[in-house]
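Undergrad: Below are the chains, spelled out letter by letter.
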Amino acid sequence: MERETNNILRSTGKPRAFTWTFKSGLLGLIVLIAWAELLGHFGRHTMSAQGDARWGYAIAFFFTLLPFFGLLSFRTAFAFHFFRSIKVGVLNLVLIGLGAMIGVLVHQENVDNPIPASGVASLNAWEEIASGETWSYEQQKTWFFYAGGGGNSSSFRNAQAFFLYHLLGKVGGDLWFNLDESLDVNQVEIQRRLDGLVDHIPGIRARFGEDLAVAIASQSRVGLETRADNRRISALEEKWNDSLWSFFVLADRLDFIRVYRSDWYSLLWAVLFLGVLSNTFRGGWRRLLKPGKWGFVITHSGILILVTGAFFGRMGEMRGILNLRVGDVGHEFQLYALSPEGRAQFRPFLGDSDGAPFALKLDAFRADQHDVLDVWYVKEGADHKLEYEFALDAQPKERVWQGLHLTYDRPISDPIDGTPALEITVLEYFPQAKVLSFNESLFPQKVDPVNAADFYSVAFPAALLRIQTNGTTPQEHWLSGDPEAKPLPVSYLSPDGEPRLLYLLFREDTSGQSLPFEWRSKLSVLRGPSTAKDVIRSGEIRVNDYLHYDGWRFFQTSHDPNDPKYSGIGVVYDPGMEAVLLGFWMVMLGTITVFLVNPIFTRKHRGTS
Amino acid sequence: MDYRNLLELTLKVSTFGAAYALLISILWFLPRRNKGEALLEKASKLVLGFPALALVTNLTAQIARYFEVMHWPAQTMYEVIPLGTATGFLSTLILYAVLGLHKQKGVARGFADLFVALILLGAAFTLSYVLNLDPTGKPLPPALQSYWFSTHITAYMFGYFTLFIATIAAWLHFCFKFWRGIFQSKDYPMPASKFWAIGLFALVPIPFGMHGILLGPGILLLAGFISTLSMKTENKMAWFDAWEKGSDRFTWLIFVVGFPFLTAGLIQGGLWAQEAWALYWGWDSKEVSALISWLFYLVYMHLRFVAGWRGEKGMWILILGGLSVYITFQLFGYLPASQNSLHRYTDMENVPAQRLLAD
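In the order they appear, the protein sequences are chains A and B.
Take 0 as the starting number for the first sequence in numbering that gives the first Met the number 0 and just add one per residue.
Take 0 as the starting number for the second sequence in numbering that gives the first Met the number 0 and just add one per residue.
Check each hint, because a few of them may be wrong.
[To be verified] Partner residues are not named here, just some residues of chain A that face chain B (Cβ under 8 Å, in silico):
#: 1; residue: 29
#: 2; residue: 58
#: 3; residue: 89
#: 4; residue: 93
#: 5; residue: 161
#: 6; residue: 191
#: 7; residue: 192
#: 8; residue: 199
#: 9; residue: 240
#: 10; residue: 376
#: 11; residue: 390
#: 12; residue: 510
#: 13; residue: 513
#: 14; residue: 554
#: 15; residue: 599
In case anyone wonders, no lab produced these hints; they're calculated from the structure.
Fair warning: this is a prediction, and the values are worked out from it, not measured in the lab.
By construction, the Cβ of each residue, glycine as well, lies at the ideal position given by its N, Cα and C atoms.
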């Protein structure tokens with residue numbers, strides 16, 4: 000304590016540098032956090048308040064800034080040693096970690112559509128002062144974030160109840176929940192329902208293999224348990240509503256629902272930056288040139304560059320989407336962030352280099368769906384109509400590639416190693432193909448691939464299958480993915496002599512249940528003084544490969560399964576991105592240098608000292 | 000042999016290897032003659048063969064899975080966890096060399112065998128859990144079709160499983176310390192607070208299921224059993240002095256092997272996200288959970304370097320770091336912020352054979 004508080008004068012009369020300990024460092028950080036919160040509060044109100052109130056906030060803002068400049072002017076060494084203290088730095092890392100923990104333990108608001116600043120306070124006061132009045136837009140929006148549409152998994156209340164349910168469920172569950180008995184997760188009942196599967200699983204295993212049988216059993220159990228859990232979570236939401244609301248109000252006041260955009264969290268990153276800056280280059284430049292220090296310097300310089308880039312990115316970034324159909328030209332894009340009134344906002348494209356407007360044209364787009372082979376085992380139903388032999392919600396389907404070998408229908412007594420009654424091999428597979436001729440049954444007879452380089456041509460896939468039943472001579476069949484194509488009937492005898500009938504349908508999976516296999520857009524950048532604009536740049540975008548033009552990045556982000564001409568193009572303007580990426584590489588390479596390269600070359604490690 | 004068969008084979012190798020290494024380890028702690036020592040040393044040399052063999056079968060399984068799903072097998076937990084166990088086996092072999100375990104003699108060699116036994120046992124439990132997961136192979140959505148998909152996840156897995164091993168090593172230290180405090184309380188008194196801390200910490204992982212029981216009370220009881228055997232020998236638990244002296248370096252070196260890969264995994268995630276969405280860091284809850292784990296280890300490293308936190312203080316942080324990694328890897332889906340995560344792909348309420356269930 001003595002060491003913490005005494006700013007002792009040496010015998011020479013010069014003040015000795017203050018030694019920051021964990022305790023004093025924590026106190027210093029808490030004071031800084033409070034200061035940042037005040038500064039942010041006054042700063043925001045200075046910008047948004049009207050009339051005289053604005054002056055009041057501006058003056059308060061000014062006086063809040065004063066101590067900072069005072070410290071820098073009159074106690075420079077004191078402030079400098081604070082940032083340079085390793086103990087303060089470690090504490091700061093701990094607080095950054097705690098902030099991140101709050102971020103994952105408290106449901107976060109959507110940064111592009113945050114709840115209004117006054118929303119929680121007005122909703123909190125609503126019951127007392129205006130009971131019966133219609134809710135304002137702010138109140139409705141706040142409530143929607145808090146409670147969603149009832150059982151909405153993206154609501155604050157549901158997310159917190161979900162977390163508490165699973166956390167407390169691990170340590171005594173029902174003691175905490177005290178829910179109606181009718182909501183209990185009845186394992187006996189779940190098992191009773193699953194027992195219905197027992198008769199079918201051996202048949203599914205023998206017919207389709209072990210993986211599908213395990214998947215059905217596993218998903219069914221998890222699904223039934225999750226449904227029961229979710230009913231209980233919904234009940235807990237209602238039961239704990241008052242407590243969850245109180246927590247929500249507190250979380251809003253402390254910015255726990257927007258941690259990563261809060262003033263206090265930003266301050267911790269600023270302290271990290273200053274701490275790293277004041278430590279990395281201490282001791283003179285000669286020290287930094289020692290080979291043993293390279294890893295350290297690269298890593299810490301990387302952190303500095305990274306935080307700087309992130310700061311500039313946060314100040315100037317714009318993110319949004321450009322919705323285009325093939326042939327359309329877009330001059331402006333829609334920001335992801337909505338206006339405070341909840342309206343869509345649009346921004347024009349302005350070049351980074353000269354501020355001149357430009358436009359984007361969609362020349363071509365195609366979403367290439369996964370090509371799948373449906374395997375439909377059928378039987379004659381009660382009314383002599385064909386029906387699926389296995390009453391699964393979705394009949395088995397296989398993704399197709401050249402060389403794929405599929406086996407079906409082994410003996411129930413030996414479902415793993417028994418001889419399959421049906422074997423299918425994909426001999427050839429063209430993602431895009433043209434059927435040249437058909438046989439008398441109207442199945443493709445001759446097929447040619449479409450030039451694979453032309454991703455955008457509308458052509459359906461085709462596959463040549465070799466089908467072998469009951470060990471007989473294999474038959475070869477071409478199947479086309481044309482939506483008009485018929486399924487191929489196959490019949491054979493099961494291992495125990497029963498007749499089997501199945502249909503094979505090869506198709507593009509356009510159900511929309513999963514994202515496409517690949518999607519690409521061809522874009523042109525148009526720039527010019529008049530409507531007759533010149534194409535000054537063309538390029539192709541796909542996921543993981545974007546188009547970069549004059550400070551802007553365009554990347555493939557969505558499509559519409561019902562509109563093959565539509566392409567959703569993500570738009571990003573981030574002036575700090577290059578710096579961040581450089582920082583990333585430096586941190587990664589620096590860490591590898593420190594921990595893996597240095598020890599190998601020096602044959603010793605600091606840990607051993 | 001398909002992926003599933005090869006995983007079952009790896010499970011058998013791990014289980015048998017764990018039993019063998021545990022037996023050899025226990026024998027090291029028993030009194031023996033010189034001839035016995037030589038025999039035991041030969042038998043001990045075989046221990047390392049099990050993680051090596053398990054690595055081969057596990058890697059073969061991953062290759063087989065690649066051809067079953069035609070992409071790097073790291074999309075579902077059925078694929079990612081075995082990738083992790085493969086990196087764990089690889090890490091064991093690397094650590095064996097880095098820590099110089101092959102040079103150890105006597106009880107120290109027994110300690111090395113115990114260490115390998117626990118890793119193999121952990122792998123066996125993990126693989127038996129995996130075999131009950133949904134094995135459906137899923138196509139990669141566009142965002143995952145990237146070269147980062149393999150390097151990012153593999154680096155993470157290597158980092159995670161190596162740092163798990165560091166956690167096991169640190170926890171083993173406290174477990175033996177606990178028992179020596181009981182068996183030799185006069186010579187090595189230990190404050191009651193530390194007893195309570197260790198005892199309580201053994202209970203903390205129990206709610207996490209079989210893994211938790213194995214890691215917490217399981218290792219504590221195993222250490223108790225070995226300590227009891229040691230107490231019957233002439234030197235009692237004198238070997239613990241040597242271990243205690245070297246335990247800080249031991250755990251530190253494991254950290255040194257794992258941390259660069261954890262960092263590489265984290266950073267590659269940012270580089271990949273930048274390519275996919277031009278958004279290098281979206282404060283997605285999975286990203287943040289991984290960052291928290293990374294910060295644990297960053298704090299450990301800095302406290303050790305500059306605040307002199309050597310020995311047990313640092314090892315406690317390693318244990319907490321392991322817990323954080325486990326939460327990130329396995330319990331992430333229960334966090335409130337995971338509800339809107341880009342890393343959440345599954346509809347848990349799906350029941351694929353509704354009409355086949357009993358009414």
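Undergrad: Each hint: holds or not?
TA: Hints, one by one, checked against the model:
1. With a cut of 8 Å, the hint placing residue 29/A at the interface with chain B is violated, because the nearest CB-to-CB distance is about 18 Å.
2. Proximity of residue 58/A to chain B is violated relative to the hint, the smallest CB-CB distance being about 35 Å (cut-off 8 Å).
3. The beta carbon of residue 89/A comes within 5 Å of a beta carbon in chain B, closer than 8 Å, and the hint placing it at the interface holds.
4. Given hint, residue 93/A at the interface with chain B, holds; its Cβ is 6 Å from that chain's nearest Cβ, closer than 8 Å.
5. Here the hint on residue 161/A is kept, as its CB sits about 7 Å from the closest CB of chain B, short of 8 Å.
6. For residue 191/A, the shortest C-beta to C-beta distance to chain B is roughly 6 Å, which falls under 8 Å, so the interface hint holds.
7. A distance limit of 8 Å between C-beta atoms decides the matter here; for residue 192/A the minimum to chain B is near 4 Å, and the interface restraint holds.
8. This hint holds: residue 199/A has a C-beta 5 Å from the nearest C-beta of chain B, less than the 8 Å allowed.
9. Annotation: residue 240/A was flagged as interfacial toward chain B, and the flag is violated, the nearest CB pair being 16 Å apart, outside 8 Å.
10. The criterion of a C-beta within 8 Å of any C-beta in chain B is not met by residue 376/A, whose closest approach is roughly 14 Å, and the hint is violated.
11. Restraint check, residue 390/A versus chain B: the minimum CB separation of about 4 Å is within 8 Å; hint holds.
12. Here the hint on residue 510/A is broken, as its CB sits about 13 Å from the closest CB of chain B, past 8 Å.
13. Among the interface hints, the one on residue 513/A holds; its C-beta lies about 7 Å from the nearest C-beta in chain B, closer than the 8 Å criterion.
14. Satisfaction of the interface hint for residue 554/A is found here, the shortest Cβ-Cβ separation to chain B being roughly 6 Å, below the 8 Å cut-off.
15. A least Cβ separation of about 11 Å between residue 599/A and chain B goes past the 8 Å threshold, and the interface hint is therefore violated.
Hints 1, 2, 9, 10, 12 and 15 from the earlier list are contradicted by this structure; the remaining hints agree with it.
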